[in-house]
Amino acid sequence: MSNISTHSHEQHDEHHDHGPAKGLLRWVFTTNHKDIGTLYLVFSLIMLFVGGTFSLVIRAELFQPGLQFVHPDFFNQMTTMHALIMVFGMIMPAFVGFANWMIPMMIGAPDMALPRLNNWSFWILPFAGTLLLSTLFMDGGAPASGWTLYPPLVLQTGNALPFAIFAVHLLGISSILGAINIIVTILNMRAPGMTLLKMPLFVWTWLITAYLLIAVMPVLAGGVTMLLTDAFFGTSFFQAAGGGDPVLFQHIFWFFGHPEVYIIILPAFGIISQVIPTFARKPLFGYSSMVYATAGIAFLSFIVWAHHMFTVGMPLAGQLFFMLSTMLIAIPTGVKIFNWTATMWRGSLSFETPMLFALAFLFLFTIGGFSGLMLAIAPADFQYHDSYFVVAHFHYVLVPGGLFGAIAGAYYWLPKWTGHMYDEKLGKIHFWLSAIFVNLLFFPQHFLGLAGMPRRIPDYAVQFADFNMLSSIGAFGFGFSQLLFVYIVIKCVRGGEKAGAKAWDGAEGLEWTLPSPPPYHTFEEAPVVK
Amino acid sequence: MNDGRERRHGLLAGKLLLLAAAMFGFGFLLVPLYDVFCEVAGIGTRTGTPTADAVSETTPDQDRLVTVEFVASLNQYAPWEFHPAVTSMQVHPGEFYETTYYARNLTQRHLTAQAVPSIAPGQASEYFKKVECFCFTQQEFEAGEGRDMGLKFMVDPELPEHIDRITLSYTFFARQAVAQAGG
Numbered sequence: 001m002s003n004i005s006t007h008s009h010e011q012h013d014e015h016h017d018h019g020p021a022k023g024l025l026r027w028v029f030t031t032n033h034k035d036i037g038t039l040y041l042v043f044s045l046i047m048l049f050v051g052g053t054f055s056l057v058i059r060a061e062l063f064q065p066g067l068q069f070v071h072p073d074f075f076n077q078m079t080t081m082h083a084l085i086m087v088f089g090m091i092m093p094a095f096v097g098f099a100n101w102m103i104p105m106m107i108g109a110p111d112m113a114l115p116r117l118n119n120w121s122f123w124i125l126p127f128a129g130t131l132l133l134s135t136l137f138m139d140g141g142a143p144a145s146g147w148t149l150y151p152p153l154v155l156q157t158g159n160a161l162p163f164a165i166f167a168v169h170l171l172g173i174s175s176i177l178g179a180i181n182i183i184v185t186i187l188n189m190r191a192p193g194m195t196l197l198k199m200p201l202f203v204w205t206w207l208i209t210a211y212l213l214i215a216v217m218p219v220l221a222g223g224v225t226m227l228l229t230d231a232f233f234g235t236s237f238f239q240a241a242g243g244g245d246p247v248l249f250q251h252i253f254w255f256f257g258h259p260e261v262y263i264i265i266l267p268a269f270g271i272i273s274q275v276i277p278t279f280a281r282k283p284l285f286g287y288s289s290m291v292y293a294t295a296g297i298a299f300l301s302f303i304v305w306a307h308h309m310f311t312v313g314m315p316l317a318g319q320l321f322f323m324l325s326t327m328l329i330a331i332p333t334g335v336k337i338f339n340w341t342a343t344m345w346r347g348s349l350s351f352e353t354p355m356l357f358a359l360a361f362l363f364l365f366t367i368g369g370f371s372g373l374m375l376a377i378a379p380a381d382f383q384y385h386d387s388y389f390v391v392a393h394f395h396y397v398l399v400p401g402g403l404f405g406a407i408a409g410a411y412y413w414l415p416k417w418t419g420h421m422y423d424e425k426l427g428k429i430h431f432w433l434s435a436i437f438v439n440l441l442f443f444p445q446h447f448l449g450l451a452g453m454p455r456r457i458p459d460y461a462v463q464f465a466d467f468n469m470l471s472s473i474g475a476f477g478f479g480f481s482q483l484l485f486v487y488i489v490i491k492c493v494r495g496g497e498k499a500g501a502k503a504w505d506g507a508e509g510l511e512w513t514l515p516s517p518p519p520y521h522t523f524e525e526a527p528v529v530k
Numbered sequence: 531m532n533d534g535r536e537r538r539h540g541l542l543a544g545k546l547l548l549l550a551a552a553m554f555g556f557g558f559l560l561v562p563l564y565d566v567f568c569e570v571a572g573i574g575t576r577t578g579t580p581t582a583d584a585v586s587e588t589t590p591d592q593d594r595l596v597t598v599e600f601v602a603s604l605n606q607y608a609p610w611e612f613h614p615a616v617t618s619m620q621v622h623p624g625e626f627y628e629t630t631y632y633a634r635n636l637t638q639r640h641l642t643a644q645a646v647p648s649i650a651p652g653q654a655s656e657y658f659k660k661v662e663c664f665c666f667t668q669q670e671f672e673a674g675e676g677r678d679m680g681l682k683f684m685v686d687p688e689l690p691e692h693i694d695r696i697t698l699s700y701t702f703f704a705r706q707a708v709a710q711a712g713g
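Line by line, the protein sequences give chains A and B.
Under the numbering used here, residues 1 to 530 are what the first sequence spells out, in order.
Under the numbering used here, residues 531 to 713 are what the second sequence spells out, in order.
Read the hints as simulated data drawn from the structure, not as lab findings.
Fair warning: this is a prediction, and the values are worked out from it, not measured in the lab.
Where is the CB? At the ideal position from N, CA and C, for every residue including glycine.
Hints may contain errors.
[Stated by the list, open to error] Now the in silico label distances, taken between C-beta atoms and shown as ranges:
| no. | chain 1 | residue 1 | chain 2 | residue 2 | range |
| --- | --- | --- | --- | --- | --- |
| 1 | A | MET327 | B | PHE567 | 18 to 28 angstroms |
| 2 | B | LEU595 | A | GLY66 | 48 to 58 angstroms |
| 3 | A | SER350 | B | LYS545 | 41 to 51 angstroms |
| 4 | B | PRO651 | A | TYR487 | 32 to 42 angstroms |
| 5 | B | ARG537 | A | PRO72 | 56 to 66 angstroms |
| 6 | B | ARG537 | A | PHE382 | 33 to 43 angstroms |
| 7 | B | SER603 | A | PRO454 | 20 to 30 angstroms |
| 8 | B | VAL566 | A | GLY23 | 53 to 63 angstroms |
[As the list claims (entries may be wrong)] Among the chain A residues that face chain B by a calculated CB cut under 10 angstroms, a handful are:
| no. | residue |
| --- | --- |
| 9 | LEU196 |
| 10 | PRO454 |
| 11 | ILE457 |
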């Protein structure tokens with residue numbers, strides 16, 4: 001036993017000297033955190049365009065009232081697949097990619113704690129994604145019940161149902177394994193002197209996110225398993241005829257679903273907490289309050305789920321509880337917003353692309369937060385429920401929130417990853433196009449929702465035509481602007497102005513002590529943090 | 531040294547896997563918890579079943595009239611004719627009333643049916659007491675058979691003052707449809 005481990009240890013050392021293996025199989029067999037981080041990021045970038053294409057089908061159909069391009073059932077498949085791909089295939093893998101690349105370099109560890117597991121948790125993803133996308137070509141089409149998969153509607157899905165459910169299982173396994181790896185890395189592999197309260201905030205937000213993932217992904221897995229047995233094995237978890245209750249599924253789903261939205265946004269909070277101090281050239285204001293606020297948001301996320309389902313009927317006490325606990329989330333979130341603002345106060349600000357995206361995040365995420373507060377008001381929710389107001393709300397927190405956070409992070413660390421500065425001029429153009437179009441896309445949807453336009457319907461009354469047209473123009477503008485991002489990334493990978501170890505003069509942290517690009521293996525001798 | 535570190539990683543990873551497994555179990559635990567919660571809160575389809583004492587001690591409130599509406603619903607493609615004998619009744623709280631629902635099997639085979647009740651407003655559900663109901667048991671129907679099915683109920687005099695109308699709705703399911711879907 002000890003012989004074997006010594007042997008593999010020697011091989012390991014040899015491997016270090018040679019750097020990455022040659023050829024394409026390097027990417028299949030790699031256990032290197034930087035390679036796997038890159039794989040995750042590339043995968044999620046591809047999925048951004050897949051999910052984005054689906055949303056453009058939706059927006060094309062909604063450009064004018066009436067049915068133009070697609071069959072209503074296919075429209076519903078598009079809303080469902082757009083959401084499933086964007087949530088499970090795009091934004092979550094993107095942040096796991098950041099975690100893989102940055103967490104070991106930020107805490108002074110040589111790699112992730114469980115590198116083989118790491119390889120596996122990535123390589124599950126392309127298969128799960130393919131499985132999910134393959135349902136589009138099946139008899140009866142892809143699931144068309146919305147990403148929430150509510151029964152009894154979802155049970156009417158054709159042959160795609162078991163495939164979609166297995167895809168959700170696989171995606172869940174992938175993120176649970178990734179989360180376990182991240183927690184073990186953070187708790188066991190920090191460099192000497194890197195105490196928990198010295199960790200960069202991105203590491204903190206990921207530690208808490210990983211715990212959320214482990215706590216709620218299995219609950220979703222359980223819920224969809226019940227759907228599976230209801231559909232094929234004669235159980236009646238959600239079938240009223242057999243004594244079950246479809247509302248139970250909504251409780252299970254949102255017990256997962258609400259923490260899930262923080263799984264998506266907390267890593268973005270982490271990235272913003274790295275970017276703003278860098279370009280304000282001041283340390284993050286209120287570091288420990290940021291940590292506690294993150295933990296507070298994570299805790300509250302477990303006790304607010306039923307605010308997604310005020311309209312299914314619940315006792316007054318229940319409505320009051322879920323309304324007030326939801327509003328409580330505004331307090332730790334407010335702490336974060338004010339801390340970021342205070343970080344910039346009297347800083348020597350400069351406005352490179354990552355900072356521009358971070359500022360847009362700060363401003364636009366807050367709009368999404370406020371519309372969330374409106375939705376939390378139980379009596380008012382009856383008007384907003386299942387309307388475009390909800391669509392506007394969650395897209396404001398997910399797109400200029402989550403996605404802008406990821407894009408800010410990509411611009412911020414691209415010089416570190418590639419060793420080249422990206423094209424700042426193009427980056428700024430990308431920012432302005434994105435920021436303008438994203439508002440053109442989603443802001444009118446607030447008005448549509450308040451005026452009564454329901455979501456997930458391919459047609460609408462003519463009075464909604466103008467705002468829908470604006471929104472569709474915004475969607476196509478936003479979608480095509482992201483092609484510019486791909487061009488900027490490719491250009492930066494291929495060459496450009498050399499980036500120094502500390503690519504940004506205001507940047508702090510262990511990752512900036514490494515050369516850009518960092519060697520294949522870093523921190524084999526743990527740095528000492530004072 | 532390296533061995534010790536790997537064991538430490540394995541141990542923590544194992545604990546976290548256990549946590550994930552426990553949360554998978556918790557998802558299933560939500561099923562009975564949900565029933566218990568609904569029972570305690572008296573919501574959903576869980577109408578009150580009166581105790582013998584309560585029934586004998588209740589005196590009808592002759593000054594108050596409550597409208598009870600009867601609704602029958604069927605899901606898409608349900609193989610039934612299904613409707614109430616009367617669509618509404620004026621009742622005094624505390625007094626027993628009887629009515630019927632009619633159902634007919636439209637298929638040429640034997641079917642087992644289950645009626646699932648629902649009360650609106652939800653607040654009234656615990657005050658709507660059924661002592662006899664065709665929804666308590668599964669109903670057997672021969673091919674083409676149709677019959678009236680009985681319902682005996684009382685509205686509790688404790689019913690909050692502001693409620694003057696209660697809607698009782700039944701959805702009629704073919705039990706086989708569930709079993710058949712299960713193959």
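Outcome of the hint check:
1. For A/MET327 and B/PHE567, the hinted distance range of 18 to 28 angstroms is satisfied, since their beta carbons lie about 23 angstroms from each other.
2. Roughly 50 angstroms separates the CB atoms of B/LEU595 and A/GLY66, a value that falls within the hinted 48 to 58 angstroms.
3. The hinted range of 41 to 51 angstroms is satisfied by A/SER350 and B/LYS545, whose Cβ atoms lie roughly 45 angstroms apart.
4. The hinted range of 32 to 42 angstroms is not satisfied by B/PRO651 and A/TYR487, whose Cβ atoms lie roughly 59 angstroms apart.
5. A C-beta distance of roughly 57 angstroms is found between B/ARG537 and A/PRO72, which places it inside the suggested range of 56 to 66 angstroms.
6. A C-beta distance of roughly 56 angstroms is found between B/ARG537 and A/PHE382, which places it outside the suggested range of 33 to 43 angstroms.
7. Restraint check, B/SER603 to A/PRO454: a C-beta distance of roughly 22 angstroms satisfies the suggested window 20 to 30 angstroms.
8. Range check, B/VAL566 to A/GLY23: about 59 angstroms between beta-carbon atoms, so the 53 to 63 angstroms window is met.
9. Interface restraint check for A/LEU196: the shortest CB-CB distance to chain B comes to about 15 angstroms, outside 10 angstroms, so the restraint is violated.
10. For the restraint placing A/PRO454 at the interface with chain B, the shortest Cβ-Cβ distance is roughly 21 angstroms, beyond the 10 angstroms limit, so the hint is violated.
11. Proximity of A/ILE457 to chain B is violated relative to the hint, the smallest CB-CB distance being about 19 angstroms (cut-off 10 angstroms).
The structure fails to meet hints 4, 6, 9, 10, 11 from the earlier list, while all remaining hints are met.
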